[in-house]
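Based on the provided sequences and hints, a complete structural model is requested.
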Amino acid sequence: MSRANNPAASRDMPKSWSSGRILTESQRQQKRNKDRINKEKRRKKDKKVLEEFELKLSALETQLHKPSGKPYCSTRLCFTFSTIHLMSVKDAYCMQCDFALCYPLKQDQTYVLKNYGDQLLGQVHHFTRSQVCLNESISQDVLIRAILFGWDDVKTGTFWCPLWEIIYRLDTAIFSGSGLLTRLSMLKTIHSLLQCFMQTTGFRDIPAWYRPRYVPTTSASNVNLLTGAGDRPSQLMFDHDISADYFAWPGLRERLVLTGSQILTDEFFSNFALSFRLIWKQELSAVYAFDPITELYSLSRRFTESLRDIQNWTMDQKFFEAFPEIYYDFTLGI
1 MSRANNPAAS RDMPKSWSSG RILTESQRQQ KRNKDRINKE KRRKKDKKVL
51 EEFELKLSAL ETQLHKPSGK PYCSTRLCFT FSTIHLMSVK DAYCMQCDFA
101 LCYPLKQDQT YVLKNYGDQL LGQVHHFTRS QVCLNESISQ DVLIRAILFG
151 WDDVKTGTFW CPLWEIIYRL DTAIFSGSGL LTRLSMLKTI HSLLQCFMQT
201 TGFRDIPAWY RPRYVPTTSA SNVNLLTGAG DRPSQLMFDH DISADYFAWP
251 GLRERLVLTG SQILTDEFFS NFALSFRLIW KQELSAVYAF DPITELYSLS
301 RRFTESLRDI QNWTMDQKFF EAFPEIYYDF TLGI
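Residue numbers (full-length UniProt numbering): 1 to 334.
Calculated from the structure, these hints are not laboratory results.
Here the structure is a predicted model, which is why all the values come from computation and not from measurement.
A virtual CB, placed ideally from N, CA and C, is assigned to each residue, including glycine.
Certain hints may be false.
[As the list claims (entries may be wrong)] The calculated SDA-like cross-link candidates involving lysine to any residue, where the alpha carbons are at most 20 Å apart (straight line), are: (1) LYS318 <-> PHE330; (2) LYS281 <-> PHE320; (3) LYS188 <-> LYS41; (4) LYS318 <-> ALA273; (5) LYS188 <-> TYR168; (6) LYS188 <-> ILE279; (7) LYS41 <-> HIS240; (8) LYS188 <-> PHE149; (9) LYS318 <-> LEU296; (10) LYS44 <-> VAL154.
[Unchecked claim] Label pairs and their calculated CB-CB ranges: (11) LEU258 <-> ASN38: 25 to 31 Å; (12) GLN29 <-> THR259: 14 to 20 Å; (13) LEU274 <-> ASN38: 16 to 22 Å; (14) HIS125 <-> GLN262: 23 to 29 Å; (15) ASN33 <-> HIS125: 55 to 61 Å.
See below:
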């Protein structure tokens, strides 16, 4: 009897795919294992998306139940500006910066985002302390609300800090497609350094690995040299693009200073914004808290501590597959 006509033999033969390909039992097992791993990855990804959605939904419900008709800036924590100054500072700021001229220029399609970032971040050296928000609680509230509810929700008040305008535009241009943790981590850290350059906070209030060594000032009485674990002599010795100072990793900052930021193409920023991962093992709801008395949002102490640990700042492996030459800039010299 031929094998084709033998039912027992047919049962022992591996079943073929519709394409005609036949897998051995070990190959089938490998495929099942791979499918199981991929399914688990999709499950975790879906869970994360659902958590972010539930978090935003919860925040929106809280917002809807708030009494209406109150001004955004609580009188308990309001700034010490005159009414005239509050009404005019935003208009004066826009006139001074002329952001219509600061948008990306079409002739440089490769480095549009870098050039735009340099223009935005460079504005900080033209502001005065009287123009910016000196209240950290208010600034945190604005940042969290903007990410949860959208920037339009926080731009309705009479006062608008120019530093908020900078991070708003950076968020819109670079991080708008990123998750909640990425946007909070990046924008909060950038805002902290902007505050330092404005002399509203001391540089020792930010992590040592994030401190620049040279601080541009306009007053001879201010201290220019600072020390810290993140110091890189290159940031002191060489002129460089402003955006290089705002990356968290000291090794990467040094590379950007020495290479003229050649790697900061639009492709780099797109990959960077989607590949950043802050190690956070808690629920997303533990990132921030809402105070019903002050009606302000604030970052939790645990999240702030995680943010200050450079070991929690990681990148997805696919990022290094696209830019393998900078792998060690993210891991060495921290």
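Status of each hint after checking the structure:
| no. | hint | in the structure |
| --- | --- | --- |
| 1 | LYS318 <-> PHE330 | 14 Å, holds |
| 2 | LYS281 <-> PHE320 | 23 Å, violated |
| 3 | LYS188 <-> LYS41 | 29 Å, violated |
| 4 | LYS318 <-> ALA273 | 12 Å, holds |
| 5 | LYS188 <-> TYR168 | 11 Å, holds |
| 6 | LYS188 <-> ILE279 | 16 Å, holds |
| 7 | LYS41 <-> HIS240 | 41 Å, violated |
| 8 | LYS188 <-> PHE149 | 17 Å, holds |
| 9 | LYS318 <-> LEU296 | 38 Å, violated |
| 10 | LYS44 <-> VAL154 | 32 Å, violated |
| 11 | LEU258 <-> ASN38: 25 to 31 Å | 41 Å, violated |
| 12 | GLN29 <-> THR259: 14 to 20 Å | 48 Å, violated |
| 13 | LEU274 <-> ASN38: 16 to 22 Å | 20 Å, holds |
| 14 | HIS125 <-> GLN262: 23 to 29 Å | 24 Å, holds |
| 15 | ASN33 <-> HIS125: 55 to 61 Å | 56 Å, holds |
Checked against the numbered hints above, the structure breaks hints 2, 3, 7, 9, 10, 11 and 12 and satisfies the rest.
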